[in-house]
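Line by line, the protein sequences are chains S and R. Just so we're aligned, residue 1 is where the first sequence starts under our numbering, counting upward by one. Just so we're aligned, residue 1001 is where the second sequence starts under our numbering, counting upward by one.
No wet-lab data here; the hints were simulated from the structure. Errors might be hidden in some of the hints.
Covered stretches of chain S (chain R as the covering partner; in silico rule of three or more C-beta atoms under 8 angstroms from a C-beta of chain R) [what the hints assert, rightly or not]:
#1 22 to 29
#2 46 to 56
#3 66 to 72
#4 233 to 243
By construction, the Cβ of each residue, glycine as well, lies at the ideal position given by its N, Cα and C atoms.
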Amino acid sequence: MTTQEWKFTAKDIALKPDLFLSGHRACAGCGPATVLRLIMKGTRGPTIVTEATGCMEVVSSIYPYTSWGLPWLHTAFENAAANASGIEAALKALRKKGKIKNEHVDVIALAGDGGTFDIGLQALSGAVERGHDFLFVLYDNEGYMNTGIQRSGGTPTGAATTTTPAGSVIPGKLEKKKPITEIMLAHEMEYVATATPYYWKDLITKVRKGLEVEGPAFLHVFAPCPRGWRSDPAKSIEYSKLAVESCVFPIWEAVNGKRQLSIPSRLISLAPKKKKPVKDYLAGQGRFRHLFTPQNSHVLDEIQRATDEHWQKLLQKCESA
Amino acid sequence: MPKNIKQETLGLNGDEAVAFAAKQCDVDVVAAYPITPQTIIVEKFSEYVANGEVKTEFVCTESEHSALTACLAASATGARTFTASASAGLALMNEILFVTSGSRAPVVMAIANRALSSPLNIHGDHSDSMAARDSGWIQIYVENAQEAYDSIIQAFRIAEDTGVSLPIIVGLDGFTLSHTLENVDVLSDELAKEFVGERQFPTVITHEGKTVPYKLDPDNPMTMGPIALQNYYFEFKRQQQEGMNNALKKIVEINNEYAGISGRSYGNGLIEAYKLEDAEIAVVCVGSTSGTLKVIIDELRQEGLKAGLLRLRTFRPLPVEELRNALQNSKAIAVMDKSMSFGGLGGAVFQEIRHALYDEKTHPPIINYIYGLGGRDSSPRELRKIFEELTRIVKTGNVDDQVRYLGLRE
């Protein structure tokens, strides 16, 4: 990774031509669509993108139209990282043999939470273990939204989905969200980070850092889904701020395993009073509506307790780094 | 053999012959996962990589699903790609088999044909690739290690032909061919490389009106693997069939061209007729058992019986016209299947052959023999019984059981 950080202004980003273009069919207020547009602002030169089956793949590539201003490949759901392996291997071989231009080409793999936490985990783990040079971006909208809002390994505790409905006996998803970034860190990757679209500059910087790594890098991006979360489309960016402020989704980066909170989360760690209660984040999201009833108040308490515990552990991990 | 072309004779088993051919074809990317009885192919290829004999990027994936995915993605990026698998491995690839053909990626895959679980069995039969019949891959089955070598070289030319642009499976019988040492005549590296040539790309017209090669290229951004709905999906599938139709001609052409440089050809590339012109009774077979059948036919001919063999080399695309022409004079036909289609009328090959002959004026009786499942040996003595049965059918006109099992204990 280059030691000198890439500096840019809002104007630079606004002037940089979009590579994820308008005209796609995403819903109003779609978090992932905003995330993808920002990610593409972080590219630094010739780039090939590959994407798992999912919302963003479907809305952006309806034949004969496309929203992609760069070479883009989709093959299936569980194999975005395997696609990246093949693309990277091909670029290497063709360059070595002089069959393509002798220039570096970045490879970005995109997948939702289903294509990362669940069905795509094996291919991701394999590709990272093999050390392919690519950036894997997880846009996490916390469920299988494309197929109609089903539970995934990325769905948080308490959320109602169509396969974890809020019933009279079971109050939504009982299980925890899978600690995907910890799993990726355990692969001893050079770069692992989390980001949200509210802190767009942080997100774009992390994309660039991930691309600068010579090897695999992993970026976990929080991406609100108004349809799946039963939330106001106008508030997607607000939720991506509240998630950080309530420490539900702290943002940080780990370079060679050394973890550091990114500025918004670091400010909360320095002034703990600024940490908002999880209720502020959960309220207004229809998927958590059932928790705001007397019989389910214990679930809310448990979410707060688990969030606090997770945050404390994260602080320790950052300190020990 | 053509004059002035020196070929070296090497002692190779089928898997080694495949690996040797892939080495000579200047493959850019190999992505694979080990599975018996294919493993020797990837082991051998790894040695070539380790010893710097090839400039190939070898990707040792964590599963067959990722192996084929990586091949597909590499192929989409413009690389010549090769992989090998068998049995459960091919079954795990199943989803991506369809995506590869639908993406028109000319991946070449050797399959050391092996039985499918359950019960677990590592030995040879055709259950694996016959189950992939409708996945849109060209399928060629070989008779021996020599043909395995020759067919891999031909496979790149067929798959990468711009009118074809489809993936191809070259099937060799597990253990019977994959692990059996034979003398294999090989072309010089230069000649093989010249024959295969550089990968060719179909062209597409961009929205700006530019004609560009169909591949992922930062200079010519292209969206590959889109979603196509009710208004376009059907046309994509119809075009795939066009690729198959073109393959039918291309396989014949390349078989001829290859004969010109090597002195070896396999029938017309689609079917191989053995003493079939005047045959009254005919057996249709796929793969290595054809070799044994040829020996038996020679014996029967000496005994005065007009017996012949049709070896179906290309199963997909099915050479319907060739099958009709070759079999129309037979008075009784037995079709051999090394796999089952449970609940269907006989095995896959039987169904295809019988179907192809339906419109012929002469309707010879056709029977099906399921044989060799899970690697069960079919002895010459048993195979001889097929001809005896066909002779009886011609004499009596009485077919009895249409689907039979050869060498089964029951």
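Right, here's what the structure says about each hint:
no., hint, verdict
1, 22 to 29, "violated (count 0)"
2, 46 to 56, "holds (count 4)"
3, 66 to 72, "holds (count 6)"
4, 233 to 243, "violated (count 0)"
When held up to the earlier numbered hints, the structure conflicts with 1, 4 and fits the remainder.
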